[in-house]
Each structure stands twice: as structure tokens, then as C-alpha cells.
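Chains as they are written, first to last, in this note's numbering: chain A, 1 to 311; chain B, 1 to 311; chain C, 1 to 311; chain D, 1 to 311.
Rather than coming from a laboratory, the hints here were simulated on the basis of the structure. Don't take every hint at face value.
As the list makes no split between identical chains, a pair holds if one copy fits it or if it spans any two.
Using 30 Å as the maximum straight-line C-alpha spacing, the simulated DSSO-like pairs for lysine-lysine come out as follows [as the list claims (entries may be wrong)]: (1) K147 / K167; (2) K308 / K8; (3) K8 / K47; (4) K134 / K162; (5) K8 / K35; (6) K35 / K222; (7) K222 / K112; (8) K112 / K283; (9) K8 / K167; (10) K47 / K308; (11) K308 / K222; (12) K35 / K112; (13) K35 / K167; (14) K162 / K8; (15) K283 / K35.
Protein chains: 4
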Amino acid sequence: MPLVSHIKIRNRMSVLNLAQEMEAAKVLGAGRFGKAARILGEMFRDKNCMKFISLAGPLIPGGLRSVVTDLLDGGYVNGIVTTGANVTHDLLEALGHRHIVGSENADDVNLKRRGLSRIYDLYVTQSSIEQLEKVTYRMLNRIPESKRRNIGSHELLWEFGKQLRDKNSFVRTAYVRGATIFCPGIFDSMLGLHLWTYSRVHPFVLNPLRDFSRLVDMTYEKRRVGVIILGGGMPKHQVLIANTYRGGVDAAIQITLDRADGGGFSGAPLEEAISWGKVKTPKNLVTVVGDASVLFPVLAVAALERSKSKR
Amino acid sequence: MPLVSHIKIRNRMSVLNLAQEMEAAKVLGAGRFGKAARILGEMFRDKNCMKFISLAGPLIPGGLRSVVTDLLDGGYVNGIVTTGANVTHDLLEALGHRHIVGSENADDVNLKRRGLSRIYDLYVTQSSIEQLEKVTYRMLNRIPESKRRNIGSHELLWEFGKQLRDKNSFVRTAYVRGATIFCPGIFDSMLGLHLWTYSRVHPFVLNPLRDFSRLVDMTYEKRRVGVIILGGGMPKHQVLIANTYRGGVDAAIQITLDRADGGGFSGAPLEEAISWGKVKTPKNLVTVVGDASVLFPVLAVAALERSKSKR
Amino acid sequence: MPLVSHIKIRNRMSVLNLAQEMEAAKVLGAGRFGKAARILGEMFRDKNCMKFISLAGPLIPGGLRSVVTDLLDGGYVNGIVTTGANVTHDLLEALGHRHIVGSENADDVNLKRRGLSRIYDLYVTQSSIEQLEKVTYRMLNRIPESKRRNIGSHELLWEFGKQLRDKNSFVRTAYVRGATIFCPGIFDSMLGLHLWTYSRVHPFVLNPLRDFSRLVDMTYEKRRVGVIILGGGMPKHQVLIANTYRGGVDAAIQITLDRADGGGFSGAPLEEAISWGKVKTPKNLVTVVGDASVLFPVLAVAALERSKSKR
Amino acid sequence: MPLVSHIKIRNRMSVLNLAQEMEAAKVLGAGRFGKAARILGEMFRDKNCMKFISLAGPLIPGGLRSVVTDLLDGGYVNGIVTTGANVTHDLLEALGHRHIVGSENADDVNLKRRGLSRIYDLYVTQSSIEQLEKVTYRMLNRIPESKRRNIGSHELLWEFGKQLRDKNSFVRTAYVRGATIFCPGIFDSMLGLHLWTYSRVHPFVLNPLRDFSRLVDMTYEKRRVGVIILGGGMPKHQVLIANTYRGGVDAAIQITLDRADGGGFSGAPLEEAISWGKVKTPKNLVTVVGDASVLFPVLAVAALERSKSKR
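Here chain A stands alone, though its shape is the one from the complex (with noise of 0.2 Å):
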């Protein structure tokens, strides 16, 4: 039977090198996170993997816009599935707004009063939404009419990349790269209501099983498919099931603060996925309980450092 290992720590170690620590632990948290780290960067190496990311929660406003375009930009990630939310954001600080340092304790009335809106501890100002809708419609007006007639999230977020200059945007790092953004709910969102006035006096039909084609298209277009879960959700689910075609994902990580027991998808542990045959075997599966915007960043920059220096 293998034995925990102590994790060592150093002054000025790496982030890879204490990942590698934790990994020799095993067990509890830690030993979790160690070998995500090493998932990871054995998927960021490997050139026939197709790899996805799923964001849910509040991930672009709050700090880890830069890291996801990065890993676009990197060539790290082939796609991502996230929420109409995290979209809706990306465009605001395309747009030149910024989001605000706030307190999760505000006094919501008071902030509404003040034109601010509030996600978790940061927030938003009313008015930038409100320029989104001016800008939303132009981007609009400028996709033909035939394509708008029946179009796809992942189309249209092309068609917003090809517009925005912001480089620091993950909607148009995605367009220059090549990748695909698919926002299943892209119009439950804030960008999604103003999707929805132009449709009540333009031509608009957005149909998500556009999307779902791609997404089931691409899960066969390299010889593996991994996965990168930050939070639960629709976009969890959505990378997930497009898997099935194919057999299920060959890898997958996910970062969550939820849990199983309530019986909702967005804790479920990944091997249950493997009954669905969303997922094809228990190997190179790991969950870990904890908030990603913490985690992801440090899991990148180990599995970065590994997909490079180890051959």
C-alpha cells in the first residue's frame, strides 16, 4: 500500500515544485491538487488532445480575465463553454469600462440607487450596461442578415471577436486564435436582454443546436479530449455531453465548491459521468473541492511550467 509523503516546503520553490509536493502527499486536498496540476500540464503538452474549458461563476469580472486569454492566446485551450455572464463582462471591459472593488455586505438598495450593481464583492455600474446595448446593436448590424436568420452562440461570438480591438479580451484572442467560445445561455445574461430587444425588430434566431454541432464536431477533430471544469452549471454539462458521440472525455479536472449530495450535476463527482459515457475511464479524473479563482491560477502556472520543462 502506498504511504503519504510529508510535503516539503522551500523558500522560493516553484509553484510546479510544491505542486509536486502536494502530488507526493496523496491524499486529503492537497494530493488532489497535485495531480491536477499534473493532468493538467500533461494536457497542455499534448498536441493531439483537444482541450475545453467550462467557466461558470463570476471568473471574467473577477480577476482570471487575463489568465483565460492567455491560455487562448498560448494556444493552451481549443475551446470554451461559459455563461452569457461571463460574456456579457469580457465586452464591458472591451467596451473600456472596469468592475469595482466592492463588499459582499452592501446595502443593495443603496448600490441600485447609486446606478451599481453587485456580483459577490465587485461591481458594475448600470450605465456601462447600458452603453453595451448601443454597441451590441451595431456588432449585430454588421452580420449579414442571412447568418443572423439562424445563428449559433459560438458564431456570433466570432463575429463580436472579429469587431473588439481589446486584446486583453478572451472574445477576440479567441477569434485571432482559432478557438471557439460556445455560451449556451449566452442570452441569459445582461448582453442576452439586449440580444433580445433586437430580436423583437430585427431579423435574430439564435439556436443552440448550432453550437451543439460544433461542440460535437470538434470532440472528434484530435485523437484525445480534455477538460478543464472551473465551477458547475450548464457549461459543465454542456462540454460534457457533446462528449458522448465520441465515447466520453480521455481527461478531466474540475474545481468546485459544490457537492455531490444535493444530487445536482454542478458537484457531481467526474466518475459518475463515466455511467453517461461522458466520461471514458477513471483514470486521469480529479475533482477539487475549493473556490477556482484561487486554484486555477496556481494550477496554470505549475501545469504551464510542467507542460514545458519535463519531456
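Starting from the structure of chain A, add chains B, C and D where the hints point.
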């Protein structure tokens, strides 16, 4: 300053009396639960209130199907926003299949071999999901093609409800009672896979913006709007964001095991939604931290009793 | 394979009937809750079962004081293992003080200035805690010095119970009914500070090993041992570890919001305790994930009704 | 109003640089983690700060034994308040036993049959715990009887530390380096069972009030007090309540998966402790929601680097 009262339990006390004792306690989870029972009872009694329930997590396969159906049947709920999974599992039971009691520690590789797919501690047979395909196709074929070329999930589910015979089906009961079911992520489910394969050979375009138009319309149809939120995810967000045009919902209760600190909307307190205009005021709002499969039946019994007994 | 049954709610149904519907559902949280109601009902009816309750978290100040007192008074519980805080707050109420309904978002600097101390959303006055000192000293002075020189918490609380007059006090009621309260961390509380200052000027030695001797003795006094675990912490561990000598407890239910994945004992499943000899078999064990302040009153009403009605 | 900055990751960036990027993000979990790294770095550098760490959960058997020992050895920690379990498992390893990598889904009946006891996903042999008895008795016999008749856990652990030879033992290292270990629930552990059986035949009285006296004295010995709280339970409460006499601690960070809403102290925010006088001001306080086994090693590396590099 108000004082904490201690809950008195009595032999054979009614569920309502127990909830009222908790309301009098005023603090901790019990105080919140008691407040939720009061708000829900008032909502149930209010003829001028449009009542929505958002439903995430496997409540339909997991034992709450009749609770939901009975609330629809009694006219206590006018609209439901739920996941594709809950619709899928309602249809499976409507076709005569049953869900199987399993274990959350099962070996998923073995389950797959046996043709079983797992949701936490319950199973469903893969063969039942395969059989659903044929029935789905048949039901889709009966929908006029012009309608099928641009259809919202709520219209699709009316068409399905019309064709079902099972009185315990919430999809059928909604149709019969004139209630509306929205399933903004219907494509993201086992049923969704069947819809997608159908769309590859038949004219079929799912348009979530049609759902949103109907949902927004419903928020204007009565003087007040009340929302019951079970679990988070897109169902929670859709129902709340649709109410921004009318200035927010008037009352809302939520039961969830998700927490605010990850920043995601699923665990966000209802107060946060005030800053977005999704909720009107801090009055008549309450979050109960807990498992909806346990707490909602208790709450529903208390609220029904209250809605009938009180003047 | 057993099948999931759907919970049927009926107007004015009893708490027991509702719990039995949940038991029949068999899965998810509801199934576990229903099972817990059955196990607790059997425990309450069993004359040959030594019944312990472990109590962590602010249940005594937060509304469950009468529930606990009534269970002691009815002979449904023979031993309680709890925190110093719960004893402190029982004594405060016994002295005529009340707990105040507050807010979990209060400004704590301001509260302190106003002489209020906070437990989540309830407050207690600092002056009441100061007044407790004099009373504690008086009660201690009445204990024979020979006893005071080496005393366990259960003996100390008997001495206190003897001197209290409040019929709603669980400390008094335990004394009156011959039940035993163990408080292995009694020194780690506001009452504990008074005990400590007393010990600096008077002979007074608290010996937790005396508690353990009595606790172990109690595990042998009846044919079976049943344990109700509300919250985790030392109360949970003490009551279970004391049962290792007799080969483990026969039945146990636990209600907690803690989870297993952090590795701590508070969130550990009861099954884990089998490997330590603290629990006998996997039969008659159940963990309900949830807030004890809501779930325990419901469970207690169901179990009491069951213990009386069923043959 | 300050703005959210986005975390920039770079290849081979140091742990400290990554933590500083998170600090600059300011929001969500990452912002809190970054703030914790700053506070801890300042604490480590501050010669006039008495530093305590409270340690609940199986961190010692689960991979963090060397981290704790190294912090003691480097003089970064002056006092530890921990559970009986962590002391037990330190002694087991000091005697040459190792912890075994297991599975959280193991069959506990089977494990027991094989002589293994489980802590989440790690095992320990029952035979090692039995062997601990003899060693414990021998170590106790070497303590002068007069001392043994009224001894605090910190004194007992000094006596044990004096007799141990394992340089990786935190109990030994504390003794060697003049640090103090408090174990207010030492009796509530496998080691505690051996202490109890010893006390049945030898003069031995554990007095937790002696610990409290020493703990309070330590809070006065330096100009400032800083506390690192890993997990909750009695260790968290003891270290904070002991600081009430001096007006509260000056700085504190806590890492925990427990939440506030159940009302228990383990999940309570540090701000709540201000209202009790256990914490001085809201400055230099931060709660990071997460698993200490993952986050603390990262935090410690960042803080050590910071304490050395920064002026």
C-alpha cells in the same frame, strides 16, 4: 429589539404549527424556514400574484414529481423554469419507466456495463433513454412544420404535454392546467440529444428568445410576481432576469446548498438581485440554506395549510 | 432493485406522514431524512437503549432550548454531550436574560460599543455575561471543596442544575430527570472564563477524564446505545469514541452542514466510524446534510409521533 | 473606488509573485488569498508578534506535518493549539509508523477486519495505535508524580517532546525550539484513551485550566498577537478567547470550508469575534474559503518569501 422565542414541539402538531413555531424563533435556519413558510403561504393565497417556481437538481426523478404536479394541478404555480434533465426524467416516467434506488458509492464503470446511468444515489436505464428517442421523434413529427421551424421550449413542452397521457406528469399537467414550463437549456440534456439528432434531418429550430418573450409577458399579467427558487443554475437566473422590465419580483424564497462566497449566481443571496433590478425590495425575501428535496415538501405542506386556513 | 416513490403531500397531513412519504422516496436528502425519522422513532421507543444527543452550534440560544429540555423531560434522552457555549447560554436564560434577534451583517465594532456580542444573527448582552460571573462563583462556592478539587463537567453541571430554578433550563431538567450532561470543553466558553478566574483564587480542578469514565460507564448500562448527532466538533467525537469499549453504537443519525472532503471528523460519514470501532454496523446509520435548527424539530416531532403510535 | 486588476500569470513566476497578483485582483477568493499572504508575510517578519496557529482536521497525518514542524523550527510560530488527533498521529509517526494512502469510498467493515482505521482517504493501522499505549505509559511514568497529579496538556506535551527523537515530529520540535503546544481536547483522541486508562491505575489529572493560564500569559508576552486558523473547532475558539483579556488579537487569517450560516463558531467570520473582544479591529483580518491542506502550503511559501525579501 425583538427576542428569540424557543420552538415548542407538541405531539401530533401540524406541519403549519411547527413552521409557525420556527417563524417565532426568528433566528438561524429555523427562523428563515419559518419566514419562508409565511411568504409562501401568502403567495399561494394571493390571486393577484403570478407564481413561478425554478427547479434545478434532480427533484423530478428524485421523489418530488408529484409535489410539483400537484401544485400545478391546484393552480398554486403558473410557471416553471427548469432544466432539460427534469423534463427528460418526467417524460421517461410518463412513458412508463421508473427510477431505481441506487448508491452514491457505486462503481460507475460497472453501472455503465449494466446499462445504468447514475444521478447521485438513483439510477436510470440507458434503454429507457434510447426508447425516449423514438417517442420524441413521434411527438415532434406531430408538430406542424411551420411551428417547428422556430419554436421556444415552452411551446415545445405544450405540444408534448398535449400528447402525454400520464396524469402524474408535470409536463402534461402544465398543459392541462394552462401553466407554462420554460426549459431554457432543454437542448442540454438527454432529451436534448434527441432534439439535436432530429434537427439534423428535419426542420427544427429551438429559439430561446421566444421563451424569453413569453416569460417577460407573464411577469406583467398579474399585479404581483412571486418566485420559489429550488436550487440555482440557469432556471434561477432566467426567472429573475425576466422580471427586470417590471421592476423586479415582489416576493421570493430560495432553498439551496450553494453559498455566496464563490461569487456564482446560484448561491447569491436574493438581496444581491435588488441591485440588478431583478427583485423589488428586501421585504418578502428569504434564503434557506438546505436541501430542497427535504425542505420543500415540508414548506409546501405548511404553506398550503396556511393558504387555506388563514383569513 | 427497489424503485423511487414520489412523495405525496396532502393538506393537513401529519409530520409523521410526511416523513414516511420521504422514507418511501428512498433517495436524495428526502430519503435520508425519512430514514432518520424511522431510526429516531425506533430509538425513542426502545426502553433498552441508552440515548445520547451531541449538540454543537448555537442551538440552545438559537431556539431549540425547549426542544432539548422537553426531550430530557420526557425521558427520550439520557445523556447530552455539548459545548461550553450551549451551557453558558442556558445559564444566561435561566438567570432571566434573553437572546436578541439581530443581523448577520451587523457592524461588529458598533455592536461591541453597544455592549452586544454576536452569534451569527442573534445577540447577547455583555452585561448578562458579566452577571453570570457572580452567579457562577456563588454556585461554585456551594460545592464542597473536596469535590471541587477534582471534578468532571457532568458533576459540575449536576451541581449547577440542582441550584437552578428555571424549568426551561436543560441543565436543571437533566438534573431533575437523572440525565447526564457532558461538556468536555466547558472551559472553552464564556462560562469557562468564569471557571478559570475562580480557579485562580479558589481550589478548583476540572478533570475531563472523570467525564470520560462516567460516559464509558453509561454505554454499558443498557442493551443498546443510540446517538443523535447535531453538528460536529468535540461533542460528536466524545460520544462516539466512548463507545469503542463496548464495540460501537448500535444506531446513529447525524444532521450537519459539514462535509467529508476536508478530512475533518465533523463532516465524516458515520460509516467511517465503523473502521475505528465507534459504530457497530452500517445498519441504522444515516447522515442528513442540512441545518439542524430546521431539521431536528421536524425530525423530533415525527419520531415522537412514531414512537407513540406504532406497535 | 478601487478597481479590479486581472491576475497575470507568467512562466516560472514565484509563489509570492502569484500571491501578489491575487492581492492586486482584490475581489473574490483570489483577492482574499492575496490579502492573507500579505498579512501572514507581515506576521512572519514581525519580531514583536506572538504567533499562534490553530490546527483542526487531519493535517498532521495528511501531509502537512513537515510544514508545521518547519515553521516551528524556523521560529515562525510560537504556539500551536490543536486536536488530540493531530498529536496522536504525530506520535505514531515519531514511533516509526506511517500513514497509508486509501480511498474515501472504502468499505469500512472490511477495513476494520483488516485492522485499518480510516480518516477520509488515508488509513492507519490499529496495531500502531495499540503500540502507542505502551510508549505513552512509559513516557507518562517518566514524568514526576507530583507533576502528573495536576498537569496541563502543554506541559504534558513538553514532557513527551523531551522524550521523542524524531526530528520531523512537531511535538519534539516545539519542545526543542521553546514553542508551546496546547491540546485542550487531548483526552478526546486515541492518545486520550491511553491517558484515560493510565489514569485509572496511576495518579494522573489533566487540568485544562492550567493550559488556559499559560495561553493567556503568552498573549501578553509580546506587543502584538497574530493567529493563523486552519479549520475550526475548539482550537480556533481557545486561541481567540484567550486573547479577550488583552483586548483581542491584532491580526488573524483563517482558512476553512465551514460557513457562517449554520451559526457555529467554526464557520464564523473573524469579524464576529470583534463583538466578543477576541479580535481587536477589522484591519488585518481575512477568511479564505477553502481546504487548508491545499491552501496553507501555498500561503506559507508566499509568506516566507515575503517575510525575507521585503523591507
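Hint numbers not upheld by this structure, sorted from lowest to highest:
When the structure is compared with the hints, none of them turns out to be violated.
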